[in-house]
Amino acid sequence: MSSNKKYWKSVEELNDNSSIVETLQQNEFVEEIPTDTFLGDKETLESSSTTRRDFLKYVGFSTAAASLAACEGPVVKSIPYVVQPTEIIPGVANYYATTIANGHDFASVLVKTREGRPIKIENNNLAETNGMANARVHASVLDLYDNKRVKAPMKGDQPIGWSQFVSETTKKFDELKAEGKEIAILTQSYASPSTRNLIADFREQYTNVRHVRYDAVSESAALDAFQAKYGERALANYDFEKAMTIVSVGADFLGDWQGGGFDSGYAKKRVPDHGKMSKHIQFESNMSLTGANADVRVPMKASEQRLALAKLFSYVTGSNVSGTLPEAIDQAVRSAASELKRAGNKGVVVTGIQDVNAQTVVLELNEYLGSKAFDTKMTIKTRRGNDTEVATLVADMKAGKIAAVIMAGVNPIYSLPNAEDFKAGLEKVEMSIASTMKVDETAKLCTYIAAAPHYLESWGDVEMKKGHYSLTQPTIRPLFDTKQFQELLMTWTANPQSYDEYIKMIWNQDILNGGSFSQALHDGVYKVAYDAVDVLDDIEDTLEEDAVETPAGDAARALSQSAKGATMELVLYTKTGMGDGQQANNPWLQEFPDPITRTSWDNYLTVSKADAEAAGLVNENVANGGLNGSYANVTVNGVTVNVPVIIQPGQAKGTVGLALGYGRTDGVQSELQTGVNAYPLYQNFSAVQEVSIEKTSGTHEFACVQLHNTLMGRGDIIRETTLEVFNTKNKNYWNPIPKVSKDHIETPVTSPDVDLWDSFDRSIGHHFNLSIDLNACTGCGACVIACHAENNVPVVGKTEMRRSRDMHWLRIDRYYSSQDSFEGDNAKKDNISGLGSSLSEFGEMESPADNPQVAFQPVMCQHCNHAPCETVCPVAATAHGRQGQNHMAYNRCVGTRYCANNCPYKVRRFNWFLYNNNDEFDFFMNNDLGRMVINPDVTVRSRGVMEKCSFCIQKTQKTILDAKRDGREIKDGEFQTACSAACGSGAMVFGDVNDESSEVAKLSKDDRMYHLLEHVGTKPNVFYHTKVRNTTKA
Amino acid sequence: MKKVFSRNLTESLLRIGFVFILMFSVSIQAQEAAEGQAGDPAKGKQLYNTNCAACHRLDQKMTGPALRNVEARLYDEEGLDREWLNAWIRNSAALIKSGDAYANKIWNEYNQTAMTAFPTLSDQDITDILAYTAAPPPAPVETAATTATTAGSEPGISNEIILGALALLFALLAMALVLVKRTLNHFAEAKGIEVEESEKRIPIWKAFIQNQFLVLVTSIVLLLASGYFVYGYLMQVGLDQGYAPVQPIHYSHRIHAGDNEIDCKYCHSSARVSKHSGIPSLNICMNCHKSIAEVAPETQAEGLEYGQDYNAEIQKLYAAVGWDQNEQAYTGETQPVKWVRIHNLPDFAYFNHSQHVEVGGIECQTCHGPVEEMEIMSQHSPLTMGWCINCHRETEVKVKDNGYYTKIHEELSKKYNVEKLTVAMMGGLECGKCHY
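Chains Y and B are the protein sequences, given in the same order.
For the first sequence, the working numbering gives the first residue as 1, with consecutive numbering after it.
For the second sequence, the working numbering gives the first residue as 10001, with consecutive numbering after it.
These aren't lab readings, by the way, just hints derived from the structure by calculation.
Some clues are possibly wrong.
Dumping the calculated DSS-like pairs for lysine-lysine here, alpha-carbon to alpha-carbon at most 30 Å [said to hold, decoys possible]: (1) Y:Lys971 <-> B:Lys10407; (2) Y:Lys268 <-> Y:Lys428; (3) Y:Lys1019 <-> B:Lys10290.
Where chain B lies over chain Y, by a calculated footprint (3+ residues, C-beta under 8 Å) [unchecked claim]: (4) 939-950; (5) 961-973.
Computed Cβ-Cβ distance ranges for the label pairs, DEER-style [claimed, not checked]: (6) B:Pro10382 <-> Y:Asn147: 34 to 44 Å; (7) B:Ile10220 <-> Y:Gly60: 54 to 64 Å; (8) Y:Ser942 <-> B:Glu10373: 34 to 44 Å; (9) B:Ser10291 <-> Y:Thr63: 28 to 38 Å; (10) Y:Asn918 <-> B:Lys10061: 23 to 33 Å; (11) Y:Asn918 <-> B:Pro10382: 45 to 55 Å; (12) B:Glu10373 <-> Y:Thr63: 36 to 46 Å; (13) B:Tyr10075 <-> Y:Glu87: 46 to 56 Å.
The C-beta atom is built at its ideal place from N, Cα and C for all residues, glycine as well.
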């Protein structure tokens, strides 16, 4: 049953004596209204020279002056085009298919442009590969309007013209060629057929040229292992839709593991269909997004993961691997192995251990299983970095062997662990060129900065997976005087074509095979059968060493040998919001709360509760609900960084986690220079490091929203059950309709008899409902950013976030629950065998924070049919529409905040300040460039008004209008909200329930359907689907 | 906006005088038509306007060359006779093909744009047209005189004169009465008759103050009246009804939408599909104004009545769009026009033109007023929320032949038991329909 579990959002809530939780449950606005600071206390008032009479005079005068000034309206100018482009109609959006390929994120997307300005990123449903944008890709449109962009090519810190740049650099290259000196090109992974050809041209022209690919977050080990086994430098593709049993050893495959983009396939099989769903077992150290979604999560040290993987191999294949795991973990590995064996070709194993042996074991294991989800033909091409080559390059640069270096899409001074060596090397290089959008840490040390355009201003092509091609096309004229890296290569090789012509030529020659380029450009994607693409295999990967064939079992044995534990292990990871750090100047992403820790504007050391207690590290919530944490020194091989600490439930004991991608300083405005740079700890490109942790003085103030807007202690928020119960028991057992007492008779709360309200007739016209499936939701946060972009949600900054004044219309609540309900505890107690096990497992039961289960729940305005907010508004600013939407008229709102106080779901947001055109909030809404991203169809709210999710009424109204204009009925699927359109996992389905044939109408009749806080009787138009975990315990 | 008419008597009198002078000074203009040999320039003008005026001007290069005295010029300069001209007019393409040197020269000079062939023009027609082109240019009209004449004959003025005369009459009458009374008094005095002085009464204002009831009623009335006017004043704050700003280029909707009956949506085409009606881009203007560099003299005269020089305004357009009239080519130097926006809705109100124009089938004039009569565009409607709502209450939804409405119309008309549904019944009064 669902209701006997205890859910909590913060460790603080587990503390019975915490006053702060109590306060937060009682008051929505935890801080007192600062009347004293505003008016001053009695003493200051008396000593003030302004008397009450004077004050009133001033007020009177200023009111009169203001009203006089208001009488004259401003003159509004309107400037039409001189010659209007035929494709642009003011007020009508155009969509273009394009592709982001920034080295970390690769996705085919649709770009919505208004009057020629890109304003929003949408998913490209035509794309089979990476058509679902993640949070960072959704936010990437704001990077286009980044005030910190390089606006023209520069020499040192002086802007120069392109002609000077080209003539000087070409001259230098020619000199170097004559002298026979070596030129190095250091780039991100492009996976671009045309770029590869252009680099080859460049190498041909200047002969002594070395091309090194560098991924800031390396997948080199996996690439090496795959290359050794299959002869191609690529990554195996996994389609989790075809897997019924997924075992992951340290792979955050719902995050950035091997390029990401696996979540939509994964989510499809996580929804019970005819009583079946996939089973996901996760072995990991940090609490990752993937671990949070797993059915079984086994926290363990990174070193133990190596042994666990080796053991898993031995249990599945029957081969012999030495080494012993702790009993509990061994048990878990055994059960995972038996599950895998049972699943056969419907099982799949993945690992995130950066070790060639570990990766080889996984490849072998999947081959052994004959896994259908495992694909070695349609390989992933988006990670190509080679650690050895990068290391060699740095050494050669330092040795003075490299005369010139061209860098594109990389920031090695920031992201290399041995950045000092690279810096020393860069000083020895005669000429260095950085093709970059920002004067970042690397660019500022280079001879030339080749100002690069944003991907929305560029051309390009990408082969994300073998045979799956996509095109990048400009959606706006370059805002600044920029040239993309490929154009530079063409200039240097004296190629007279333009880059787009060149792409077209390459595509017609090698890829399209007679297909239409225009069609490919329109779709953004083009798919080729495998056989046809062999010709395009790499022509230039000559530097790689000859691989050694490791026979089956050897890799596993070698892996188990390498499993040497340390007392404390650091596991570096990338956050959903920040990735590898190149989007650090993006305020949407900085303000995006991490799905797991719910902390924004920071990175931090995640520590298990036991380790924190041992080291004296504390987290505490202060009176305003903000979270404070101790600082700790983290030392790896003599490199020390000082980071704040967050106690993370589920963090494996003996491990700490730290996110890469923070601590950027150059090319980032001061408000967004957050966190600490963890790359210096990323030594030898290994995500796992032996560390020592030492508490230091001081407390850090986090902008953590996990205690904000709690549901005030009202229970029955998350409903979950197990697959066994779901399949065997009646709906009323695991998803009962709450009952209330009427005349001492239990009556379902949905019955009209117990309702105080007279319902309106909602059967005519559209009636919008949003379905959210807690099984399919992975908590990825794409919807949060999509909502941000669509609805002009302001960024409030770290201190305001800390004060619980975040403006996100859509939040994803993360709930922890003890893995075990009462019944589960009993079952566990019965299973205890031996003293060692009993000690550990009883211990576990005592401390629920050790390995909690996690549930994600997106919460936005529930658009209650019987809305509590509407009845308390004194000015009728919020009212109900017939189509089910709860309307909010900002111009009517006087800001009493009664509605927010009366909302049981805590989804209303108050504009405490004017967030646009205000220097106090110097984010995108405070400069002309940043404001270009604003959606012209949605009001930019002002100070003192309440706002909230509108069910994207601007989108539903547009859909209706389009249909009216065409004189047709609306088909299912046409109605979308920003969140439902962004949801790649299919968790959110929006539509018209009055349309019997619609998907949402069917979902509303599903057995798993429930409403949030149904017993309150608000009759929401958002409904959830009970989370079903694929476990047998109840 | 209020216009203050302050005319004083002297002005009116002066005008009367002017009219008189004009009436008596007969200007005899000798209009001796220059008779052509065989051509009739009047008929020629008609033919010219129908067939040639789209591409030719008499005194100016346009799509084709200027045509004033074309026959004589051709004969003098090129030695080409009527035969050649006839051949060119009836089928220039054939003439060019035949390799005629001058035909090819002209063809190349005018960007190889072929002239429309006019095989149906008879010899007489061509003679008439050429006669028209050979007619001497008309002497520039005395514009000042025309204005004065037309101004003097306005009906408004004559009303004022009558009123003024009446006022004068009454004043004279009153004066006469006062004089009569005074004379009678003198007579009485002279004859020694005692005129009875009426008894001294309390002055009326004192009586008024003493009557408290009257004071009370009056003050209430005054308060109410002032309340009414203050309220009225406050309610119009922020309303710009009648707002008619001066635009950078004087554009007359009266001429375009009224006289020429150009459909509103020809220029404001995005009103069909977009929330904005759109201010037309200048290339739309040039669709016509490429060949209309000057307005007809009558139109120009009409414009001067409004104090506008239409031809100068067209030149402003050319400057903005970068059109070289002599070269008949774009220079590429453009200067976007900063129009002053007249209809300003606040940011928080969403209004969609296509919803009203295309789906609702509402005439533009319903909200924008008689635009086709407006020389200077002004805001016709108050654009207040009450005004919107009123219309939504009264207007019936155009459901006919619209597949979207079929189902909802059937259901709603059953629910409300009416045949015709208003916008309000469809939910058009909900806050969120316009505020988001």
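Now for the hints, and whether the structure bears them out:
| no. | hint | result |
| --- | --- | --- |
| 1 | Y:Lys971 <-> B:Lys10407 | holds (14 Å) |
| 2 | Y:Lys268 <-> Y:Lys428 | violated (53 Å) |
| 3 | Y:Lys1019 <-> B:Lys10290 | violated (63 Å) |
| 4 | 939-950 | holds (count 3) |
| 5 | 961-973 | holds (count 9) |
| 6 | B:Pro10382 <-> Y:Asn147: 34 to 44 Å | holds (41 Å) |
| 7 | B:Ile10220 <-> Y:Gly60: 54 to 64 Å | violated (28 Å) |
| 8 | Y:Ser942 <-> B:Glu10373: 34 to 44 Å | holds (39 Å) |
| 9 | B:Ser10291 <-> Y:Thr63: 28 to 38 Å | violated (58 Å) |
| 10 | Y:Asn918 <-> B:Lys10061: 23 to 33 Å | violated (57 Å) |
| 11 | Y:Asn918 <-> B:Pro10382: 45 to 55 Å | violated (33 Å) |
| 12 | B:Glu10373 <-> Y:Thr63: 36 to 46 Å | holds (42 Å) |
| 13 | B:Tyr10075 <-> Y:Glu87: 46 to 56 Å | holds (52 Å) |
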